[in-house]
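Colleague: Taking the hints into account, I'd like the entire structure generated from these sequences.
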Amino acid sequence: MATAARARASAIPRARATRGRRLGRARARGSNDDAIDALRELAGDAWSVNRYESKRKEHRTTELGDIVDESASRDNIAEHPGWTAAAKLRLCVEAVADELEMREDEVGERLGTLFALVPGLERRVGEVLTADIVRLAASVEDVAMKIIRMRDLLPEANLAKMLSTRPNLLLESDEEIARKVGELRVSCPRLRWDAILSDYPELWEVRDMRGHVELLREKLDIQDDEGMTRLLSQKPLLLLSVQSRNDMISYDHGSWAQVQATVNGDRFSDGW
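For what it's worth, this note's numbering labels the leading residue of the sequence shown as 1, then goes sequentially.
These are calculated hints, taken from the structure and not from any lab test. Certain hints may be false.
Label pairs and their calculated CB-CB ranges [claimed, not checked]: (1) G126 - S54: 14 to 24 Å; (2) N168 - Q223: 30 to 40 Å; (3) S173 - G82: 38 to 48 Å.
Result set (DSSO-like, lysine-lysine): computed pairs, CA atoms no more than 30 Å apart in a straight line [what the hints assert, rightly or not]: (4) K55 - K161; (5) K161 - K146; (6) K219 - K146; (7) K235 - K219; (8) K146 - K88; (9) K88 - K57; (10) K88 - K55; (11) K57 - K146; (12) K161 - K57.
The beta-carbon is built from N, C-alpha and C at its ideal position, and this holds for glycine as well.
Modeller: Rendered as structure tokens:
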């Protein structure tokens, strides 16, 4: 009995040493599979260690071992095999052709013209509303003139960046765009609104530009134009923080009608 006990006792350190060596080799080789197998053995099969398919190209971690967030490593996100840029464009062509009752080759030509006029829009296919692309393709002959008029209104703007993010601007009336720009320039004339609207095109969703500036001034008790200019130059998206009622941006909160219905207990309204 004593001999058997000593044999078992001596076998335990040897087993641990063997597992430790395996883990050391796994670290040296840098193989995830070897490391997983070694960890499973060290845990005495108490863990269920599984593998999964990740959309990250590489297993990047911080100095503390945390997985690097997607927003900090966009280049590390793999393209979905079934939702490639070509697949998105093909689906877009089919949708536009069906909506406009046109041949797909003709739609392809129109979209080619549109993408040439708005650099950067093609890579946003699948992200921006297909309905906007349909409407722009239907009136692609007018898009060039619209861009020229916007260039006159916003001479220092990066229109390619702005329009690839907000292509629906090309569907707004010239008067509406001029009104918004005019209100911003009157409210804070020292700010470079051409550059701000290029970098933060989501501001175009605000309907009452002047009202938002004044409401923000009131809420923050800013007395002078200098303070307001300094604030918006640093944080222009604060203009979105005072949206309310019919001026709420629908993709953030739902429309005002939706919010009212929800507050009133109707969470299943039709037509949205």
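Colleague: All hints are to be evaluated individually against the structure, with a verdict given for each.
Modeller: For each hint, the structure was consulted:
no. : hint                    : verdict
1   : G126 - S54: 14 to 24 Å  : 21 Å, holds
2   : N168 - Q223: 30 to 40 Å : 37 Å, holds
3   : S173 - G82: 38 to 48 Å  : 39 Å, holds
4   : K55 - K161              : 27 Å, holds
5   : K161 - K146             : 16 Å, holds
6   : K219 - K146             : 37 Å, violated
7   : K235 - K219             : 15 Å, holds
8   : K146 - K88              : 26 Å, holds
9   : K88 - K57               : 21 Å, holds
10  : K88 - K55               : 18 Å, holds
11  : K57 - K146              : 41 Å, violated
12  : K161 - K57              : 27 Å, holds
Going down the numbered hints, you'll see the structure goes against 6, 11, while the others check out.
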